[in-house]
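Residue-level listing of the chains:
2 protein chains.
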Amino acid sequence: MTNMKKNFPLDKAYRLLNHGPVVLISSTLDGKNNIMPIAWQSPVDLDPTRLALIIGDHSHTFKVVGKTKELVVNLPTVELVDKVFSCGKCHGHEVDKFRKFNLTPEKASKVKAPLIGECVANLECKVVDDKMMDTHNIFIVEVVAAWVEEGAYDEFLRVDKPNVKTLHHLGADVFTVPAEIIRAKKINV
Amino acid sequence: MTNMKKNFPLDKAYRLLNHGPVVLISSTLDGKNNIMPIAWQSPVDLDPTRLALIIGDHSHTFKVVGKTKELVVNLPTVELVDKVFSCGKCHGHEVDKFRKFNLTPEKASKVKAPLIGECVANLECKVVDDKMMDTHNIFIVEVVAAWVEEGAYDEFLRVDKPNVKTLHHLGADVFTVPAEIIRAKKINV
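Going line by line, the protein sequences match chains V and C. Residue 6 in the working numbering is what sits at position 6 of the first sequence, and the numbering runs on without skipping anything. Just add 189 to wherever you are in the second sequence, counting from 1, and you've got the working numbering.
Rather than coming from a laboratory, the hints here were simulated on the basis of the structure. Any given hint could be a false lead.
[Claimed, not checked] Keeping only pairs whose Cα atoms sit at most 27 Å apart, straight-line, the calculated DSS-like set for lysine-lysine is:
1) 32/V x 296/C
2) 32/V x 299/C
3) 375/C x 131/V
4) 201/C x 69/V
5) 375/C x 63/V
6) 186/V x 221/C
7) 185/V x 221/C
8) 131/V x 374/C
9) 375/C x 126/V
10) 374/C x 89/V
11) 289/C x 12/V
12) 100/V x 374/C
13) 252/C x 100/V
14) 63/V x 221/C
15) 221/C x 131/V
16) 186/V x 201/C
17) 256/C x 131/V
18) 186/V x 289/C
19) 278/C x 131/V
20) 320/C x 185/V
21) 63/V x 107/V
22) 252/C x 67/V
23) 289/C x 89/V
24) 186/V x 299/C
25) 375/C x 89/V
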């Protein structure tokens with residue numbers, strides 16, 4: 001089931017990824033949609049948010065994004081863990097992963113790649129620098145539109161609420177999810 | 190207090206960072222040590238582990254690593270949260286953060302930068318590609334030696350044990366830590 005989404009400010013979009021969650025990359029070429037889970041991502045800039053996405057060069061997504069220069073970064077939460085894992089275990093040139101895993105492609109506003117409806121947030125992105133694509137599999141992308149589920153986040157983007165628990169990949173089939181929120185204190189010496 | 194460390198295999202070192210924790214970058218130049226917390230990091234390759242580290246270009250660490258081409262990536266756990274946060278609130282050209290926050294510089298094996306003794310793991314790194322340093326603040330580093338506390342991790346690098354709970358930065362003074370471990374199931378359709 002997919003929920004209502006609302007626009008999210010572009011200069012805050014990096015905070016959705018700042019704590020290191022797994023994301024699903026959706027892309028499209030020649031009418032064929034694809035999905036790939038990646039754990040290797042990081043913001044690299046704010047306002048607008050730019051991200052470094054590391055996309056394995058044997059993947060179908062690497063080929064598609066290399067050509068189309070656009071994609072969507074989708075943020076899955078814990079109830080999608082089996083689908084996230086399974087999306088990494090089959091190949092986009094062989095199967096339609098939206099159909100196979102019963103995920104909903106939704107129309108994006110600024111890119112052709114589809115949003116994944118079941119994800120709590122979706123960042124529409126365009127590749128702005130592909131010079132490290134061939135050396136380190138790094139695509140630098142800029143977030144050009146951002147969507148989050150109505151009511152999913154408060155001002156601190158608290159990820160300890162049950163409905164927004166993101167997935168963090170430890171390796172193989174092992175993931176962890178965020179527990180409580182901790183507020184740090186500044187030490188004055 | 191610092192604990193006994195043992196060598197960790199270089200081809201598994203990426204797994205210490207795969208779930209997106211905050212790390213402390215230690216570096217040294219002209220006999221002056223420095224520490225900087227960063228949330229923006231990702232593995233980019235395995236065997237040996239290579240990492241993309243995004244280091245803000247106004248920082249002292251950016252200048253030092255730009256010159257020395259080496260650093261240590263230290264993995265702090267939750268009991269260090271106030272020190273991690275506070276290390277980001279003062280400047281390395283003004284204060285010795287090891288002394289200010291009572292952290293222990295320990296001798297590394299392959300770089301001049303010191304290990305932070307109180308961290309659960311330490312990855313000695315050399316910069317192997319700085320071409321994106323000026324465009325996106327990205328340093329590509331290779332892990333040349335890795336250390337973890339004796340007994341800290343089992344084969345799955347479980348981060349739900351109390352003594353190895355890593356920090357994940359949500360923004361400002363707000364952090365989260367890993368909760369339980371989840372094993373994903375492959376969906377066969």
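Structure-inconsistent hints, enumerated in ascending order: The structure conflicts with hints 1, 2, 3, 4, 8, 9, 11, 13, 14, 15, 16, 19, 20, 22, 23, 24, although it agrees with all the remaining ones.
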